[in-house]
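Note that the protein sequences, when read in sequence, are chains F and Z.
Just so we're aligned: the first sequence equals residues 1 to 317 in UniProt numbering.
Just so we're aligned: the second sequence equals residues 1 to 185 in UniProt numbering.
I should point out that these hints are in silico values taken from the structure, not numbers from a laboratory.
Predicted model only: the values in this text are computed from it and were never measured.
One should not assume that every hint holds.
[Said to hold, decoys possible] Here are some chain Z residues the structure puts well away from chain F; computed CB gaps all over 12 Å:
no.: 1; residue: Ile35
no.: 2; residue: Val43
no.: 3; residue: Met110
no.: 4; residue: Lys116
[To be verified] Computed Cβ-Cβ distance ranges for the label pairs, DEER-style:
no.: 5; chain 1: F; residue 1: Tyr218; chain 2: Z; residue 2: Phe85; range: 47 to 57 Å
no.: 6; chain 1: Z; residue 1: Asp57; chain 2: F; residue 2: Asn95; range: 20 to 30 Å
no.: 7; chain 1: F; residue 1: Asn68; chain 2: Z; residue 2: Gln45; range: 40 to 50 Å
no.: 8; chain 1: F; residue 1: Gly220; chain 2: Z; residue 2: Gln45; range: 25 to 35 Å
no.: 9; chain 1: F; residue 1: Met1; chain 2: Z; residue 2: Ala142; range: 48 to 58 Å
no.: 10; chain 1: Z; residue 1: Ser135; chain 2: F; residue 2: Ser207; range: 27 to 37 Å
no.: 11; chain 1: F; residue 1: Gly220; chain 2: Z; residue 2: Tyr82; range: 48 to 58 Å
Glycine residues also receive a C-beta, built at the ideal position from the N, C-alpha and C atoms.
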Amino acid sequence: MGSEAPLPKWASTPCIMGIDEAGRGPVLGPMVYGCLYCARSYQKTLATLNFADSKTLKEEKREELFENLKADDSIGWSVDVIDPRELSAKMLKKNKVNLNEISHDSAIGLINRVLNMGVLLTEILLEYSDQSKGITRLMKENGGLVYLDTVGDADKYRIKLSERFPSIKFVVAKKADSLYPVVSGASIVAKVTRDRALREWVLEETSENMHRSFGSGYPGDPETKAWLAHHKHSIFGFPTLVRFSWGTCTSYYKDMVEVESDKVDEDVGYGSSGKQLKLSNVGFGKASKRKIEEIESSGKGRCKFFHSRKLEQLTHF
Amino acid sequence: MEEEKGTTGSINLSLNGKEEKINLSGQVHHLPCCIKFNGHCTVSQYFKPKLKGMEIDGLAVEEAHFRGRKLQGTTISLPNGYAGFVLAKNNSGKRKACDVSEGNSNDWEMKAQFDKLTYWNHDAPPSKDDPFLRSFHWFTVAEAVSFSIICCLKNFFPPYFEIPLLQLHKQVKAEDLATIDAALA
């Protein structure tokens, strides 16, 4: 989703772009990355459009600002909606991907998308030649600039982005969404998209007695807590709207049926940040090696034919 | 328990007065985990496999989620001549004293039947190298083994020995199959 083609003329002049996220903290629903871009020359006007950190704005105001920026021909925008199923699946993969990596990848994807549209985000080299003095020099001037709210360490994030996009200049800062209007605008794009996605969410599950009063999705929201309690399922855990990799889910797992993974390597997970949960906490119990042999036929000690096919002789049944 | 001794019991595959057999084809799922629960569950309300529209090794890839994990699987037909059964212990109350002394009845009856099942991998897409699919090679081997044993023993015994011979084939040990292993690997 984003602004429609054709590419406006201003996009071929040096542009600035802001990137921000919405729905990183909630235990349910998608996480949305949004970006907003405009010509550098539009920057001053942008500052007058009352964009502020989306969290400080009321919902109606955000909706209004979003509609305004959509109608503004001098502004382009785009969003990446990351499905909760994808968040859970990546964070619970055998080789776990943590939320910061998912966030970085999403921002990188947006930058690529906007670059591919032909928006001038890169720095441009200007050749200055002064005939009278007989010198020629290259100057980097007034190029594109991309602003991001930091995810993890700001310097590391900036270096990662610069390695990926050597010709783009990045400004990575804490609270970028309240410092730079272009990031504030991106935060509005992201937040409104996330809220709408949740509001219009069609639950995949077809069980009776389900409702859509999710609340904000934040773990502390009483409405969200009530929704989780009402929708927990002893076998399946939760509907797939829920991010199973969130710590909030842990407290519900004790009432659920135990599930043992049959792979020893499942609990060795790496690449996890401090925030990430161990498998034993997220509804898949850690199976001891001995137990695994009980639940999974190993074909151990048998000839290769059986071993490689995990077949074993069953004498008791 | 001594492994070699085994147990005796019975499996009743007849309909036992039930009007129609229950066919679970397409509803049997083999998950890469053990759910410590036995009983009824409204699986289809929560477990929603979707065809991905692609094939690997000729297997149509499906995707589903279970407790946040992404599962990739495929639906396979059981080979011709084989059927899948859901068995339950026969607790019809006619348990004899000798069964009780054994500790547990080992009489089973068929509750449902299936000729297709879906097996799932965590993260990895299905492939013909999956042990689950490869275990089906056993069917070919089993047929070849029983056939050759019956054939060679038939040379020594009259036809009415066929029943004990079939039992003999069940006792074929891994060592006997080591050579077949090399041929099939």
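How the hints compare with the structure:
1. Ile35: violated (5 Å)
2. Val43: violated (8 Å)
3. Met110: holds (14 Å)
4. Lys116: holds (20 Å)
5. Tyr218/F / Phe85/Z: 47 to 57 Å: holds (49 Å)
6. Asp57/Z / Asn95/F: 20 to 30 Å: holds (23 Å)
7. Asn68/F / Gln45/Z: 40 to 50 Å: Because 42 Å falls inside the window, the suggested range holds.
8. Gly220/F / Gln45/Z: 25 to 35 Å: Roughly 29 Å apart at Cβ, these two residues keep to the hinted range, so it holds.
9. Met1/F / Ala142/Z: 48 to 58 Å: Cβ of Met1/F to Cβ of Ala142/Z: about 56 Å, so the range 48 to 58 Å holds.
10. Ser135/Z / Ser207/F: 27 to 37 Å: holds (34 Å)
11. Gly220/F / Tyr82/Z: 48 to 58 Å: holds (54 Å)
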